[in-house]
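Asker: Top line first, the protein sequences correspond to chains A and B. Those letters in the first sequence? Residues 20 to 319, per my numbering, in order. Those letters in the second sequence? Residues 20 to 319, per my numbering, in order.
Certain hints may be false.
Since the list gives no way to pick out one identical chain from another, each pair is judged satisfied if it fits inside one copy or across any two copies.
[To be verified] 25 Å max Cα-Cα, derived SDA-like pairs, lysine to any residue:
#1 Lys96 x Cys189
#2 Lys27 x Glu233
#3 Lys165 x Arg252
#4 Lys165 x Glu238
#5 Lys310 x Cys189
#6 Lys165 x His100
Since the hints were derived computationally from the structure, they do not count as laboratory data.
Protein chains: 2
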Amino acid sequence: MVSSCISKLVIIGVGLIGGSFAQALRRAGLVEHVTGIGRSPENMQCALERGIIDEQTSDFAAALSGADFVLLAIPVKQTAHVMQQMASYLETGTVISDVGSTKQNVVHAAHAYLGQHISRFVPAHPIAGTEFSGADAAFPDLFQDKPVVLTPLQENDQQAIDRVATLWQCCGGRVSFMSPERHDQILAAISHLPHMLAFSLMQHIRTQSFTLDEGDPLELLHLAGSSLNDMTRITASSPEMWRDICMDNRTTLLAQMEAYQLELSRLRQMLVNRDSEALEKLFSAARIIRKNWTVLRNES
Amino acid sequence: MVSSCISKLVIIGVGLIGGSFAQALRRAGLVEHVTGIGRSPENMQCALERGIIDEQTSDFAAALSGADFVLLAIPVKQTAHVMQQMASYLETGTVISDVGSTKQNVVHAAHAYLGQHISRFVPAHPIAGTEFSGADAAFPDLFQDKPVVLTPLQENDQQAIDRVATLWQCCGGRVSFMSPERHDQILAAISHLPHMLAFSLMQHIRTQSFTLDEGDPLELLHLAGSSLNDMTRITASSPEMWRDICMDNRTTLLAQMEAYQLELSRLRQMLVNRDSEALEKLFSAARIIRKNWTVLRNES
Chain A
20 MVSSCISKLV IIGVGLIGGS FAQALRRAGL VEHVTGIGRS PENMQCALER GIIDEQTSDF
80 AAALSGADFV LLAIPVKQTA HVMQQMASYL ETGTVISDVG STKQNVVHAA HAYLGQHISR
140 FVPAHPIAGT EFSGADAAFP DLFQDKPVVL TPLQENDQQA IDRVATLWQC CGGRVSFMSP
200 ERHDQILAAI SHLPHMLAFS LMQHIRTQSF TLDEGDPLEL LHLAGSSLND MTRITASSPE
260 MWRDICMDNR TTLLAQMEAY QLELSRLRQM LVNRDSEALE KLFSAARIIR KNWTVLRNES
Chain B
20 MVSSCISKLV IIGVGLIGGS FAQALRRAGL VEHVTGIGRS PENMQCALER GIIDEQTSDF
80 AAALSGADFV LLAIPVKQTA HVMQQMASYL ETGTVISDVG STKQNVVHAA HAYLGQHISR
140 FVPAHPIAGT EFSGADAAFP DLFQDKPVVL TPLQENDQQA IDRVATLWQC CGGRVSFMSP
200 ERHDQILAAI SHLPHMLAFS LMQHIRTQSF TLDEGDPLEL LHLAGSSLND MTRITASSPE
260 MWRDICMDNR TTLLAQMEAY QLELSRLRQM LVNRDSEALE KLFSAARIIR KNWTVLRNES
């Protein structure tokens with residue numbers, strides 16, 4: 020337990036993820052002091068008021084002095100810039116991690132800017148979130164039973180990897196390891212693509228509202244059941260964040276979208292062909308996977 | 020209140036919808052006796068044990084004798100056959116309704132088989148459900164604040180329309196009226212299409228699991244967050260029911276799928292073009308609709 024204890028935790032970007040990480044570690048009694056760095060004064064004020072952080076600063080030198088652990092919980096696109104700003108102030112005992120939704124570009128930035136400190140930078144991605152953002156939305160249970168993927172680098176010290184893994188486990192996460200490339204491919208399939216489908220679906224409803232209604236999508240949505248509600252919940256997510264994820268994982272996401280479009284065309288063709296048997300078979304196969312997944316979730 | 024009271028309610032098909040309707044009316048004190056007709060002995064036994072129905076029978080003559088209200092809560096495809104079976108036993112005071120997810124075909128069957136009784140057949144569609152089915156899954160709050168679309172026919176008695184509307188309101192539903200054609204178009208957009216997207220997404224994950232993993236979709240799903248979970252929840256729905264909905268609303272659904280595929284291709288083209296501005300604009304527009312919808316839901 021002693022080795023997991025953090026005297027000084029630095030959270031760069033005290034939003035939903037960074038804030039919840041600090042709260043979870045504090046609740047677990049693993050952290051003594053939390054320093055926050057962030058762009059929005061209102062958000063930092065909220066983080067202070069909610070007791071998520073003990074102090075806020077914009078001074079990297081002061082923040083990183085004596086830090087055991089630094090978490091970058093910022094939009095992926097800012098990673099390179101922030102690494103550049105912090106590199107010269109990093110101490111040799113500081114372990115660094117991030118929470119970016121894409122990993123190859125983060126690793127690229129780390130290689131470019133972290134120098135020798137890369138041995139203690141262990142990239143991570145907690146696959147958790149809500150449609151809300153900011154310190155106000157943070158809560159310590161966010162990572163409970165949620166997957167956390169670590170993509171260690173060949174330059175990493177084993178001790179740094181162990182420390183990052185342990186901290187996420189203490190937050191309730193289910194830690195697994197893979198390469199940054201594999202992470203980005205899998206996430207394109209299970210997260211980035213589904214988001215694109217949800218955004219397109221909302222856009223489709225908007226377009227259809229002009230055809231079927233008087234142009235107000237809310238008239239149509241007022242009739243919608245929980246299926247559409249569930250399928251579009253994630254469209255309330257941050258547009259900037261999703262723009263960046265799209266651009267960061269562009270090639271892989273494009274391949275996933277192409278493959279999905281083929282699947283959807285196959286289903287459509289079954290309908291064109293009036294092939295009710297093929298439709299039922301497809302629906303049954305989907306149902307079986309879904310039910311097995313539900314069992315798996317309930318077991319874990 | 021007296022005019023809404025039902026001495027004898029007949030539920031044909033005591034599943035999630037039929038069972039919940041009976042429970043809601045019983046809880047509201049609006050029904051004295053419930054007779055159930057169904058195919059599965061196990062399900063009917065469950066309905067009896069849970070007190071959803073007071074008696075079960077397979078004898079249409081006995082069931083319909085003295086019935087005030089008959090609800091057809093069966094798969095849409097069986098509607099014509101059941102209407103044919105019941106037509107000769109219907110009494111002139113009996114109001115009839117259904118719960119089918121598509122309406123033009125139900126109206127077609129009613130015209131074919133109900134004869135003069137069509138004046139008291141008011142088609143309805145409660146837009147409520149869960150991924151579970153059967154009497155075991157029924158619960159009286161299922162329709163609370165849920166949309167219920169009535170598609171009255173020009174042959175309908177106003178009294179019959181009023182009665183059906185009132186009963187659904189007493190179940191907690193938000194009743195609205197439209198033509199069967201418009202119903203089928205709107206439902207294709209807000210329900211049938213989303214289901215197709217979810218089924219294709221699950222099939223896509225299955226396909227991708229062979230590329231990205233060792234062929235077990237559960238390995239991929241184990242890493243998935245709540246976004247994929249929400250987007251595929253409805254794939255646990257009955258494959259037979261969705262096969263039938265697809266075939267019943269085939270032309271309209273095909274048009275919706277085509278329009279959606281164009282939207283998805285537009286989004287993909289933005290990504291091909293590296294047009295991050297257009298992506299952000301699209302995501303923002305979706306977010307605004309979603310947020311307004313959430314406000315609307317919370318108000319209603």
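Asker: Which of the numbered hints above does this structure break?
Answerer: Failing hints, ascending: 1, 2, 5 and 6.
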